[in-house]
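Asker: For reference, the chains in residue letters:
Protein chains: 2
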Amino acid sequence: MTEYPPFAVTADLVVLTVRTDELHVLLVRRGVAPYEGCWALPGGFVGIDEDLPDAAVRELTEETGLPEPAGHLEQLGTYGHPTRDPRARVVTVAWLALLPDLPAPVAGSDAAAADWVPVNRLDRARLAFDHGRILTDGLERARAKLEYTPLAAAFCPPEFTVAQLRAVYETVWDTTLDPRNFHRKVTGTPGFVESTGRSTEGERGRPAQLFRRGPATLLHPPMLRPSA
Amino acid sequence: MTEYPPFAVTADLVVLTVRTDELHVLLVRRGVAPYEGCWALPGGFVGIDEDLPDAAVRELTEETGLPEPAGHLEQLGTYGHPTRDPRARVVTVAWLALLPDLPAPVAGSDAAAADWVPVNRLDRARLAFDHGRILTDGLERARAKLEYTPLAAAFCPPEFTVAQLRAVYETVWDTTLDPRNFHRKVTGTPGFVESTGRSTEGERGRPAQLFRRGPATLLHPPMLRPSA
Numbered sequence: 001m002t003e004y005p006p007f008a009v010t011a012d013l014v015v016l017t018v019r020t021d022e023l024h025v026l027l028v029r030r031g032v033a034p035y036e037g038c039w040a041l042p043g044g045f046v047g048i049d050e051d052l053p054d055a056a057v058r059e060l061t062e063e064t065g066l067p068e069p070a071g072h073l074e075q076l077g078t079y080g081h082p083t084r085d086p087r088a089r090v091v092t093v094a095w096l097a098l099l100p101d102l103p104a105p106v107a108g109s110d111a112a113a114a115d116w117v118p119v120n121r122l123d124r125a126r127l128a129f130d131h132g133r134i135l136t137d138g139l140e141r142a143r144a145k146l147e148y149t150p151l152a153a154a155f156c157p158p159e160f161t162v163a164q165l166r167a168v169y170e171t172v173w174d175t176t177l178d179p180r181n182f183h184r185k186v187t188g189t190p191g192f193v194e195s196t197g198r199s200t201e202g203e204r205g206r207p208a209q210l211f212r213r214g215p216a217t218l219l220h221p222p223m224l225r226p227s228a
Numbered sequence: 001m002t003e004y005p006p007f008a009v010t011a012d013l014v015v016l017t018v019r020t021d022e023l024h025v026l027l028v029r030r031g032v033a034p035y036e037g038c039w040a041l042p043g044g045f046v047g048i049d050e051d052l053p054d055a056a057v058r059e060l061t062e063e064t065g066l067p068e069p070a071g072h073l074e075q076l077g078t079y080g081h082p083t084r085d086p087r088a089r090v091v092t093v094a095w096l097a098l099l100p101d102l103p104a105p106v107a108g109s110d111a112a113a114a115d116w117v118p119v120n121r122l123d124r125a126r127l128a129f130d131h132g133r134i135l136t137d138g139l140e141r142a143r144a145k146l147e148y149t150p151l152a153a154a155f156c157p158p159e160f161t162v163a164q165l166r167a168v169y170e171t172v173w174d175t176t177l178d179p180r181n182f183h184r185k186v187t188g189t190p191g192f193v194e195s196t197g198r199s200t201e202g203e204r205g206r207p208a209q210l211f212r213r214g215p216a217t218l219l220h221p222p223m224l225r226p227s228a
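Chains as they are written, first to last, in UniProt numbering: chain L, 1 to 228; chain P, 1 to 228.
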């Protein structure tokens, strides 16, 4: 035990949000070597006295500027190929966060810039380290989770219309859905959403009913992707 | 970067199999401190030049005595509470393996014994380190995966009867299922199983049709637990 191989451990974050009808990921532009000037997932070293989820929450609040994380945070997977970081043997525990739309992020100490970048206009192969692969895994996890869980609501404000929820599905899945069919499935799936009893003010057209997330943790039946 | 906190990284395995109609987990009895004499999940340190999946496969083949892993192996999650190992800061990447019934394992270098232990006759709270929690997470993952994937076949030999497959579901879920209803669901779910065109010899009663795992990766519709 006294001669176990030495590793560094980091927490990296795939932070997704929906803004202006596009799926966005939070990225930082690296201000230091290696990969200086490249976009990377936000993250940093786990402290020697810090539990892994605490490190993820700390990085998320530091990188987004929020006092505490809104939305949803879960462990995505751990990546540790021996050559993934040219400096040392670094194992990263990656986390997936799904957030409602937030203000623009503020760059941290070793990042030249931080910004929300549209996923579909990003060349994942040019991200630093193995972050392109981690982002790909995070996107697939998010897309799959929308089928079996009510997590789409994590991208919405606390009260939302069915049209807002449909826009999340359409954006994350990069598809279009039939509005009537979607409305019928959402309101007919037990525990998915609950009516607030209120409606939008209705800037144009008639007011729309406002919902909040329901108590279900799994959707029966699921909301399947058109391609699935 | 030159002063990042030093960690050790281990690979620990939740290895499940079905034998004599009971769900079993592969455990080792620790031959050294800490937790000397306690049951623990099999595992060990990741080598400085070793990728994480390679370490998991190496530990699995070492601990089961198989030349290569049969069945299914996936990353379960990473655990790293600062106090989980009294010796040093150790982060463990835990893996879940689902295997067909295997011969009795052979104890490795720092294990006094290795054995298949029935999950229902095990006091998880007495396992070494945080291995009780990791086992609980692995059991829940396995139980949930049987709903949405054809992974139950990973517990079966390459060719199996519907009754054998049902026994896996009943054992892992710790429940009983209606035989006719189960047969109808399994053979009616696209890609779940394929007929081999052969039948069992039929020691008692009439011969039973033999199946192999089908090409599906997700089950539509799912096989839901009676409790779910």
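No lab work stands behind these hints, which were simulated from the structure alone.
Treat the hints with care, as some may be off.
Negatives, chain P to chain L, calculated, CB over 12 Å [stated by the list, open to error]:
#  : residue
1  : Thr-10
2  : Arg-29
3  : Cys-38
4  : Glu-50
5  : Asp-51
6  : Leu-52
7  : Ala-70
8  : Gln-75
9  : His-81
10 : Thr-83
11 : Arg-87
12 : Arg-126
13 : Ala-163
14 : Leu-177
15 : Pro-179
16 : Arg-180
No more than 20 Å apart at the CA atoms, straight line, and that leaves these computed lysine to any residue pairs for SDA-like [stated by the list, open to error]:
#  : chain 1 : residue 1 : chain 2 : residue 2
17 : P       : Lys-145   : L       : Val-32
18 : P       : Lys-185   : L       : Lys-145
19 : P       : Lys-145   : L       : Lys-185
20 : P       : Lys-185   : P       : Ala-208
21 : P       : Lys-145   : P       : Glu-74
22 : P       : Lys-145   : P       : Ala-208
23 : L       : Lys-145   : P       : Leu-224
24 : L       : Lys-145   : P       : Thr-176
25 : P       : Lys-145   : P       : Ala-114
26 : P       : Lys-185   : L       : Arg-143
27 : P       : Lys-145   : P       : Gln-164
28 : P       : Lys-185   : L       : Ala-144
29 : P       : Lys-145   : L       : Val-162
30 : L       : Lys-185   : L       : Val-162
31 : P       : Lys-145   : L       : Tyr-148
32 : P       : Lys-145   : L       : Ala-144
33 : L       : Lys-185   : L       : Glu-147
34 : L       : Lys-185   : P       : Arg-143
35 : P       : Lys-185   : L       : Lys-185
36 : L       : Lys-145   : P       : Gln-164
37 : L       : Lys-145   : P       : Asp-137
38 : L       : Lys-145   : P       : Thr-217
39 : P       : Lys-145   : L       : His-220
40 : P       : Lys-145   : P       : Gly-191
No residue lacks a Cβ here, since even glycine has one placed at the ideal position from N, Cα and C.
Asker: It remains to establish, for every hint, whether it holds in the given structure.
Answerer: Evaluated hints:
The non-interface label for P:Thr-10 is inconsistent with chain L: the shortest C-beta to C-beta separation is roughly 9 Å, within 12 Å. With a closest Cβ-Cβ approach of about 18 Å to chain L, P:Arg-29 is found to remain outside the 12 Å limit, as its non-interface label requires. Every C-beta of chain L lies more than 12 Å from that of P:Cys-38, the closest at about 16 Å, which supports listing it as non-interface. The beta carbon of P:Glu-50 is not kept farther than 12 Å from every beta carbon of chain L, the shortest such distance being approximately 7 Å.
The beta carbon of P:Asp-51 sits about 5 Å from the closest Cβ of chain L, which is not more than 12 Å, so the claim that it is off the interface is violated. Its closest Cβ contact with chain L, about 4 Å, brings P:Leu-52 to no more than 12 Å, contrary to its assignment away from the interface. Interface exclusion of P:Ala-70 from chain L stands, the closest Cβ pair being 23 Å apart, more than 12 Å. At roughly 6 Å, the least C-beta separation between P:Gln-75 and chain L is not larger than 12 Å, which violates its mark as non-interface.
The Cβ of P:His-81 sits about 5 Å from the closest Cβ of chain L, inside the 12 Å cut-off, so the non-interface label is violated. Interface exclusion of P:Thr-83 from chain L breaks down, the closest Cβ pair being 9 Å apart, not more than 12 Å. With a closest Cβ-Cβ approach of about 5 Å to chain L, P:Arg-87 is found to fall inside the 12 Å limit, against its non-interface label. With a least CB separation of 22 Å from chain L, P:Arg-126 remains clear of the 12 Å interface cut-off, as annotated.
No Cβ of chain L comes within 12 Å of the Cβ of P:Ala-163; the nearest lies about 27 Å off, and the non-interface call holds. Every CB of chain L lies more than 12 Å from the CB of P:Leu-177, the least distance being 18 Å, so the non-interface label holds. The beta carbon of P:Pro-179 sits about 24 Å from the closest Cβ of chain L, which is more than 12 Å, so the claim that it is off the interface holds. Even its closest Cβ contact with chain L, about 23 Å, leaves P:Arg-180 beyond 12 Å, as expected for a residue assigned away from the interface.
With a CA separation close to 42 Å, the supplied pair P:Lys-145 and L:Val-32 exceeds the 20 Å bound. Note on P:Lys-185 and L:Lys-145: the hinted pairing is violated, with a Cα-Cα distance of about 24 Å set against a maximum of 20 Å. With a CA separation close to 24 Å, the supplied pair P:Lys-145 and L:Lys-185 exceeds the 20 Å bound. At roughly 17 Å between alpha-carbon atoms, P:Lys-185 and P:Ala-208 fall within 20 Å of each other, so this suggested pair holds.
The straight-line distance between the Cα atoms of P:Lys-145 and P:Glu-74 is roughly 11 Å, inside the 20 Å bound, and the hint therefore holds. Of the pairs offered as hints, the one joining P:Lys-145 and P:Ala-208 is violated, with about 26 Å between alpha carbons and a cut-off of 20 Å exceeded. With a C-alpha separation of about 17 Å, the suggested pairing of L:Lys-145 with P:Leu-224 holds against the 20 Å cut-off. Of the supplied pair hints, the one linking L:Lys-145 and P:Thr-176 is violated, its CA atoms being roughly 29 Å apart against a limit of 20 Å.
With a CA separation close to 27 Å, the supplied pair P:Lys-145 and P:Ala-114 exceeds the 20 Å bound. Restraint check: the Cα-Cα separation between P:Lys-185 and L:Arg-143 comes to about 27 Å, which exceeds 20 Å; the hinted pair is violated. Taken as a hint, the P:Lys-145 and P:Gln-164 pair is honoured in the structure, with Cα atoms around 18 Å apart against an allowance of 20 Å. Proximity of P:Lys-185 to L:Ala-144 is assessed by CA-CA distance (about 23 Å); at most 20 Å being required, the pair is judged violated.
The straight-line distance between the Cα atoms of P:Lys-145 and L:Val-162 is roughly 30 Å, outside the 20 Å bound, and the hint therefore fails. About 11 Å separates the Cα atoms of L:Lys-185 and L:Val-162, which keeps this hinted pair within 20 Å; it holds. Taken as a hint, the P:Lys-145 and L:Tyr-148 pair is honoured in the structure, with Cα atoms around 13 Å apart against an allowance of 20 Å. Distance hint between P:Lys-145 and L:Ala-144 is fulfilled; the C-alpha atoms sit about 14 Å from each other, no more than 20 Å.
Our distance criterion of 20 Å between C-alpha atoms is met by L:Lys-185 and L:Glu-147, whose separation comes to about 12 Å. At roughly 27 Å between alpha-carbon atoms, L:Lys-185 and P:Arg-143 are farther apart than 20 Å, so this suggested pair is violated. For the given pair, P:Lys-185 sits about 24 Å from L:Lys-185 by alpha-carbon distance, which is inconsistent with the 20 Å threshold. For the hint pairing L:Lys-145 with P:Gln-164, the CA-to-CA distance comes to about 31 Å; that exceeds 20 Å, so the pair is violated.
With a CA separation close to 18 Å, the supplied pair L:Lys-145 and P:Asp-137 stays within the 20 Å bound. As the CA atoms of L:Lys-145 and P:Thr-217 are separated by approximately 16 Å, the hinted pair is consistent with the 20 Å bound. For the hint pairing P:Lys-145 with L:His-220, the CA-to-CA distance comes to about 15 Å; that is within 20 Å, so the pair holds. Our distance criterion of 20 Å between C-alpha atoms is met by P:Lys-145 and P:Gly-191, whose separation comes to about 16 Å.
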